[in-house]
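Chains as they are written, first to last, in the working numbering: chain A, 48 to 406; chain B, 4 to 262.
Don't read these hints as lab results, they were simulated from the structure.
Mixed in with the good hints there might be a few duds.
Unchecked claim - Lysine to aspartate or glutamate pairs mimicking EDC-like chemistry, simulated, CA-CA at most 20 Å apart: (1) Lys127/A x Asp157/B; (2) Lys396/A x Glu340/A; (3) Lys396/A x Asp374/A; (4) Lys396/A x Asp297/A; (5) Lys127/A x Asp108/A; (6) Lys127/A x Glu159/B.
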Amino acid sequence: MSALAASLRAVRGSFTLDAALNVRDGEVLALLGPNGAGKSTVLALLAGLRAPELGYVQVGDRTLTRIRPGERSIVVPPEKRGIGLLGQDPRLFPHLDVAANVAFGPRSQGASAVQAADTAREWLERVGLADAGGRMPAQLSGGQQQRAAIARALAARPEVLLLDEPLASLDVQTAPAIRELLRTTLREAGTTAVIVTHDVLDAIVLAGRTAVLESGRIAQEGTTAQLLSAPTTPFTARIAGVNLVIGVGDRGRVRVADVLFSAPADATPILDGGPSAAVFRPSSVIVSLTRAEGSSVRNQWQAVIEALEPTESGIRVRTGPIPVAADVTPATVAELSLAVGSPVWLAVKAAEVAIHPTA
Amino acid sequence: MPRALYVAAALAIALLVLPLVGLVARVQWGTVVTDATSPSALSALGLSLLTATVATAVCLLVGVPLALVIARSGPRLAGALRAVVTVPLVLPPMVGGIALLFLLGRNGALGGALTALGIQLPFTTAAVVIAQAFVALPFLVLTIEGTMRSVGTDYEQVAGTLGAGRWTTFRRVTLPLAAPGLVAGTVLCFARALGEFGATAIFAGNAEGVTRTMPLAIYTAFNGAGVSQGSAIALSLLLLIVALLLLVFVRGWRPGATR
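The shape of chain B in the complex, shown without the other chains (with noise of 0.2 Å):
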C-alpha cells in the first residue's frame, strides 16, 4: 500500500471527525442542560422518537416482505425492485418532500380522494411519519434483503421436508436466520428517520408539537427563530448521543444466528 494513501485516509477520517469535535467545543457546558430540556426541545425530542418509532414499524411491516420478494427473484426482476428501491435513497430528500406533496396533497393524484373522504395529510403528524418512511425504507429493504439472499433457501427447503408449512418456515427458519440484517436494517431505518429533515419539512412542515422533530427544531433554533443558537447545538448533542448510542446497540449485538 502506497504512504500516500494513509495521509488521504487521514484526511477522510478528519473530515469525518472534525466538525463533530467542533460542535462538542461549542457546546455552552453551563446551560447545555437547561437548553436540551426546555420544553420546546422536549416536545421535540418526544416527537422526534415517536416518529421515527411508527416509521420504523410501517417500514418493518413492509419492508421484510419486499426485501424477502426481492431476495427470492431471479436477477431480472430483483434488479428492478432494487432500482426501484434504491431511488428515494439517491433522490435529496427535498425533492422526496415535493412529489409526496404532489402526490397526497389536497390537489395530489391520491390526495384530492382523501380529501374527499375527510382525510388531510400534509403538514400532520402523519405526514412525518410517512417523508420518514419514505426517506429510511431503503436502508431497511437492501440490509435486509442481502442477509436473506445470502442465507439462501437451503434451510427453507429442509424445513419444508420436515413438515413445515409457509407460514412456520418463514417464522422458524426466515426471519431468525436473517436475524443480524433485520437488527441492522432496523437501526438503520430508525437512525434514518430520526435524522431526516427535507422531506418533512416540505410535505409536513414546521409546527411546533405537531411536525417540528428534532431536526427541524435544530434548524429553527439555528436561524435564530424561537430559541437560541445555544439551544440549536444543544439539540445537536443530544441528536449525536442517540446516534453514537445507536452505533454503540449494532456493535455490541453478536449476532447468535451466525455462530
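Isolated chain A (complex conformation) (with noise of 0.2 Å):
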C-alpha cells in the first residue's frame, strides 16, 4: 500500500501554506493553481527537499515526515523516502549516457549492473526510445530528453512519484504526446502520484482527482469533472472557461454589488446571506450600449470594458467592476464602437445561469 497523506503547514515570509493532502494507492491527484500558490512548495515538502513549520507526510504505514511541537521531528532524507520527483526540466546526468541515466536509480537502490541495465531497457522501450540507449542526453530533443526523464524517474520504482509541470517545457506538438505517455506509464505502473500543474488538460487526462491551491491553501477539491462543472473559485472558473461570480444568497438568487444573478427554478438550492457564486459561459453574456426591455432579461448591469482581447473565434471583452468576460464577434465590437472604458450594458439569460454555494 503507497497511499499518501500529508498536511503540511510551511511559512515564507508573508505567504503561508496550510494544505492537507490524501491521494490513495494507484491514484493520480492533480494540484492545480496559479503561479505562487505554494505547488512547488508542497512538493518541495512531499518530496523531503525541504522541512514544513508543522505536520506530516504518510506514505502507507511509514512515516517520512512529522514535525510536531513537543516531539522530536522526523525527517526521512529524500534518498531514503522512495518519492520520485520528475520535473518540468528533465535533468538528465549529462555526463552519463541515457541508458545510464534510466539505470542510475536501480544502481543506486542495489541492483547489479546487468539487472539495472535490464531495467533500463525495459523503460527505454516503454517511452519509445529503445534505440537512444547509448546517446548522451544533449544530443536528444526536449520531447526525447522528457521521455528519458519519465523512464527514468519510473525505473527507481518510487512508491509515490511527483510530477512539477512535466509538459510545461515542451511545445505544443511535443506536449500531447509525452501527455499521453504519462497517462498510459502511471497507469500501467499503478503507481501513486501528485501531478502539479496550471494547465487543465493535464488534470482531465491525467488524474482521477483534482485539487485547487490557492493562496496556499485547498480552495477546491474533487473529481476533475466536478471542479470544471461546478466551479466556485475564480481560478477553477477561469481554467474551466467560465466566468464566476461570487456574491451572497438572496432568496434563491446571487447577489453581487447591487446585482441580482437569477438561475432557473431547478437550481441548487444555496442559502439567504451564505456565500455563493453564479457561473455562466462567456459566450452567453450579451453586450449592448443600451438597458434590453423585455421579461426574460432579468440578468442585467452596467459594466466598463477593461480589455479586449483577441480569441480563435471572435473577441473577448473584459469587463468590470464585477469582473465578467463577453465574447462577441468582431462585427460586434465594430458596430457598437466598442472601446476599452465604453460603458456597456451586460445581460445574460437566467436559463444560461448557474448558482451554487462555495466554501
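These two chains come separately, so use the hints to put the complex back together.
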C-alpha cells in the first residue's frame, strides 16, 4: 500500500501554506493552482527537500515527515523516502548516456549492473526510446529528453511519484504525446502520483481527482469533472473557461453588489446570506449599449470595458467592476464601437446561469 | 575599442613573451642536453616531480571536500572561507615559509609536540611537500569551488529522489559534473607546486637530493655555486617545457561533462 497522506504548514515570509492532501494507493491527484499558490512548496515538502513548520507526510504505514511541537522531528532524507520527482526540466545527468541515466535509480538502490541495464532497456522501450540508450542526453530533442526522464523516474520504482509541471517546457506539438505517455505509464505502473500543473488538460487527462491550491490553501477538491462543472473559485472558473461571480444568497438568487443573478428554478438551493457563486459562459453574455427591454432578461447590469482580447473565434471583452468576460464577434465590436473604457450593458439569460454555494 | 588600447595590449604580450624568448636565445644548444641531464639536474627534476605529485594528491584529498563545503555554504560563510583560502595566494611565499617554520619548527607551536614524538619536519622532503601544498592549495580549491557552485545542487537532488545515498551522489554526480574544474584545478595546483620556491627555501632549505627542487637548483646554479649558469638556463628550459606541456594538456582536454 502506498497511499499518501499529508498535512503541511509552512511559512516563508508573508506566505503561509496550510494544506492537507490525501491520495489513495494508485491514484493520480492533480494539484492545480495559479503561480505562487504554493504548489512547488508542497512538492518540496513531500519530497523531503524542505521540512514544514508543522505537519506530517505519510506513505502507506511509513512516516516520512512529522513535525509536532514537543516531539522529536522526523524528516526522512529524500533518498530514503521512496518518493520520485519529475520536473519540468528533464535534468538528465549530462555526463551519463541515456541508458545509464535510466539505470541510475536501480543501480543506486543496489541492483547489479546487469539487472539495472535490463530495467533501463525495458523502460526505454516503454517510452519509445529503445534505440537511444547509447546516446548522450544533449543529443536528444526536448521531448525525447522528457521521455528519458519519465523512464528514469519510474525505473527507480518510487512508491509515490511527484510531477512538477512535467509538460511545461515542451512545445505544443510534443506535449500531447508526452501527456499520453504519462497517462499510460502511470496507469500501467499503478504509481500513486501527485501532478502539479496550471494546465487543466493535464488534470483532465492524467488525474482522477483534482485539488485547487490558491494562496497556500486547498480552495476546492473533487473529481476533475465535478470541479470543472461547478467551479467555486475564480481560478477554477477561469481554467474551466467560464465566468464566476461571487456574492451572497438572496432568495434563491446571487447578489453581487446591487446586481441579482437568477438561475432556472430547478437550480441548486443556496442559503440566504451564504457565500454563493453564479457561473456562466462568456458566450452567454450579451453586450449592448442600452438597457434591453423585456421580461426574460432579469440578469442585467452596467459595466465598463477593461480589455479587448482576440480569441480563436472572435473577441473576448473583459469588463468590470464585476469581473465578467463576454465573447463577441468582431462585427459587434465594430458596430457598437466598443473600446476600453466604454460603458456597456451586459445581460445573460437565467437559463444560461448556474448558481451554487461556495466554501 | 580605442586604438591606443591595442598598443597597450601589445606591450602586455611583449612583457609576457619577450623574457621567455630571451631565455631561449641564451640556451647553449651544444651543451644543453648534458647540462639538463647532469646528475644534480636529474636529481632536482626527480625530486620536483615527486614532491609536486604528492603535494597535488594531498591538495586533492583535502581541497575537494573544502571546495564542496564552500560551494554549498551560504554567502557569508562562503565569503569568509574563501578569504581564508585566498590568503596564501596573495601572501609572499617567503612569508608562508617563515610561518610554516614558526608553526612546525623545533620550537614551533606544533613542532614542539612533533619533536617530542621524534618527528622532525623542517628541512626534510616532507617539508617540501608541505610548503608546496600550502601555496598550491588555494588554486585547486578556488577553481573547483567555482565549478561546483555553478553546477549547483539540482542534479544532486535528482539523484536523491532516485534513491542514491550521499556517497553515491558524491561519487556518481557531484565529482563527474565538477570534472572540468577538477582537471583545471589539479593542473594549476601541480604547476604551482612545481614552481614553488620561496616557502620551500625557508621551510625546507636547499639540500641536494633532499629538498633541492628544480627552482632551488636553478637559483643555486644561477648564483654560480656548484653548477654553471649554463645549467641554470638548461634547467629553466626544462621547467618551461613542463609548463607548456601542462598548458597543452589543459587546452586539449575537452570537458565531456558539459556537452
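Outcome of the hint check:
1. Lys127/A x Asp157/B: holds (18 Å)
2. Lys396/A x Glu340/A: Status holds; Cα separation ~13 Å.
3. Lys396/A x Asp374/A: Distance of about 15 Å is within 20 Å: holds.
4. Lys396/A x Asp297/A: holds (18 Å)
5. Lys127/A x Asp108/A: holds (14 Å)
6. Lys127/A x Glu159/B: Holds - the C-alpha atoms of Glu159/B and Lys127/A are around 14 Å apart, at most 20 Å.
Hint check: no violations occur; every hint is consistent with the structure.
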